[in-house]
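Generate coordinates for the entire structure from the input sequences, incorporating the hints supplied.
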Amino acid sequence: MAQRTAAERLLAAPAKTAGAGLCLALAVAALAGCGGSSDGSGSQGTASTATGTASAGPPDPSSGAAAKPASAAGKGQGDGGGSSSGAGKPNGGEKKHGTPVTLPKSEAGREHAPTAAEKANSTIADMTLLSPSFPMAEGIAAIPAPYTCDGQNSTPALRWAGVPTGTKELILYVMNAKPVNGRLFFDWALAGIDPRSESLEAGRLPAGAVVGTNSFARQGYSICPEPGGAETYIFALFALPEALSPKPGFDPRALREEILGVSGDVGLLTAIYARG
Amino acid sequence: MRRKATAIGAAFAALAVLCAMFATAASATPAWKFESKSLEGTEVVLGAAIDSSLTIPGLTTKCANFLYKVTIKNEAGTGKGEVTEVPLYNCTTDQPEVCTVGSIGAEKLPWPVKLTTVSTSNYIVIEGVKVAIKYAGIECALGGVTVNVTGTAGGIVDNATETATFNSTTFGATGTELRALATKILWTGVFPTEAFQWHREQPLSVS
Numbered sequence: 001m002a003q004r005t006a007a008e009r010l011l012a013a014p015a016k017t018a019g020a021g022l023c024l025a026l027a028v029a030a031l032a033g034c035g036g037s038s039d040g041s042g043s044q045g046t047a048s049t050a051t052g053t054a055s056a057g058p059p060d061p062s063s064g065a066a067a068k069p070a071s072a073a074g075k076g077q078g079d080g081g082g083s084s085s086g087a088g089k090p091n092g093g094e095k096k097h098g099t100p101v102t103l104p105k106s107e108a109g110r111e112h113a114p115t116a117a118e119k120a121n122s123t124i125a126d127m128t129l130l131s132p133s134f135p136m137a138e139g140i141a142a143i144p145a146p147y148t149c150d151g152q153n154s155t156p157a158l159r160w161a162g163v164p165t166g167t168k169e170l171i172l173y174v175m176n177a178k179p180v181n182g183r184l185f186f187d188w189a190l191a192g193i194d195p196r197s198e199s200l201e202a203g204r205l206p207a208g209a210v211v212g213t214n215s216f217a218r219q220g221y222s223i224c225p226e227p228g229g230a231e232t233y234i235f236a237l238f239a240l241p242e243a244l245s246p247k248p249g250f251d252p253r254a255l256r257e258e259i260l261g262v263s264g265d266v267g268l269l270t271a272i273y274a275r276g
Numbered sequence: 001m002r003r004k005a006t007a008i009g010a011a012f013a014a015l016a017v018l019c020a021m022f023a024t025a026a027s028a029t030p031a032w033k034f035e036s037k038s039l040e041g042t043e044v045v046l047g048a049a050i051d052s053s054l055t056i057p058g059l060t061t062k063c064a065n066f067l068y069k070v071t072i073k074n075e076a077g078t079g080k081g082e083v084t085e086v087p088l089y090n091c092t093t094d095q096p097e098v099c100t101v102g103s104i105g106a107e108k109l110p111w112p113v114k115l116t117t118v119s120t121s122n123y124i125v126i127e128g129v130k131v132a133i134k135y136a137g138i139e140c141a142l143g144g145v146t147v148n149v150t151g152t153a154g155g156i157v158d159n160a161t162e163t164a165t166f167n168s169t170t171f172g173a174t175g176t177e178l179r180a181l182a183t184k185i186l187w188t189g190v191f192p193t194e195a196f197q198w199h200r201e202q203p204l205s206v207s
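Here the protein sequences come in this chain order: A and B.
Under the working numbering, residues 1 to 276 are what the first sequence spells out, in order.
Under the working numbering, residues 1 to 207 are what the second sequence spells out, in order.
Keep in mind that a hint or two might mislead.
Result set (EDC-like, lysine to aspartate or glutamate): computed pairs, CA atoms no more than 20 Å apart in a straight line [stated by the list, open to error]:
(1) B:K184 with A:E138
(2) B:K130 with A:E111
(3) B:K114 with B:E177
FRET-style restraints, in silico, Cβ to Cβ [what the hints assert, rightly or not]:
(4) A:P144 with B:T150: 24 to 32 Å
(5) A:F216 with B:S168: 28 to 36 Å
(6) B:S53 with A:V180: 22 to 30 Å
Everything labelled a hint here was simulated from the structure, so no lab data went into it.
Glycine included, every Cβ here is placed at the ideal spot set by N, Cα and C.
This is the structure in C-alpha cells:
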C-alpha cells in the first residue's frame, strides 16, 4: 500500500512534461526498491534509484520521458522487449546501490528555464565584458593592488562586445558579490557611457560619463574590502534600450531598479581581491 | 624479383604495424559495458544527483532534486550518448536571504556525451552544456539578471560505485570548463549511472 500511496502522490501532478515522466520513472524505481514494505519508506521521498525487484519492471522509456503512470507502476518484467529486466539482475534482491537520493514528491517546486517571454522582459547576460587590467588565476580574474585602496584605487581598463543594436546608454556597476549588512554594496556606478564605445581606459573616465555615489558615500570608485579578507566583485555593464541619463551623484540603488525595469542586456565579469 | 618481394614484405609489415596500432587504440577507448559485455544498441540512464552545486564566484546554487536522463550507446567501440532531460527542483542559493532562483533550466538539449580515458581513469564528458539561471532579489548583485552557464563538463566514472563525479579535479583532468560571468565556474556533484531500460539492475561499467 505504501507503494501505491507514494505513487499516487506523484501522479497527483499530471505527467505532462518530460521532467514529470523522468521524475515518475525514478519514483517507480524507488518504490520498487521498497519491496512492498509497509513501513512507509516509500513515501519518504528517498530511495536508491535502482533497487527494483522482479515484481516491478521498468517503465517504458521508449514512450518518451512522459511515462504512462498507470502502466509504468504496474508492468511486469520484460516490458518493452528487454530481456534482462529483473531476471538478469546479478544480485537477486540485494540492494545494489547504497546511497539514497531524494526524489521530488510531486511537480511542486519544479524549476523551469526562463521562457521567451521572461527573457524578453528581463536583463540577459549576453554581452562579454573583460578587463585587461586583471590577470587570470585558475580561470578567475584577480584584481591587482593598484586597482584597490591598497594602491592608487585606479579604475581598471575594461573591454566589452556584443552591445545590442539600438542601445541608447551604457551604465557600469561594480558591486560586492555578497551584500554587506544585508544590503547590496556599490563600489562604483558610472552612467552616460557612449553606447558606441567598446572600452574604458584604466584610470580615465570617458567623456560624458556621470559618476554615482558609491556605498563608501563617495562619488567615485573604490575596491576596499576589510583587511585580511577576500571579496568577490561583480562588474556589470548594462546596455539600455532607452537612456536614463541620471545626474552626477545619483543613487545607484534606485537607478539599478530602473535599469532592471527596462529589460536590457548586460555583460558580467567577476573578479576577486584578497587583501593582505 | 627479390626487390619486388622485399617491397611486398615491407608493405605487409607496415600493414601489420598499422593494424597493431589500431587495435591498441581501439582497446584504449572506453565503452559502456554491462557485466563486462559492451552495450549493443542504446540504454537509458536515469538518475538523481546525490549532491550537486554550481558555484559562480560569490554565489553557490543548489537544487534539492537534480534529475537527469541520459541515452547511452557505443559507436565504433567508444562510449557515446546524450543528455536528454535535466529537470531541476527547488533550487536555492547560499545567500537565501538576498538571492533566490527565479528560474533555472537546461537549454539546447540534448547535450552530447562521450567517454574518454585520461591517465588510466575513465571520464564522461558532456558537451554543449547550457543552463540559464535568472536570479531574483533586490539586494542580490545578480538579481533580475539571467545568467547563462555554458561549456563542457568532465566527470570521472567510478565503476565500483556506479557514479560519475564532477569536481575541479575532473574538469582539470579532462580539460573542460563551464563559464559564466567571464569566469570559470565550479560544478560539483555525484551522479549515479544506473541503467533503467533494458539492463536495469545490471552493473554498468566503463572500460
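For this structure, which hints from the list above don't hold up?
none
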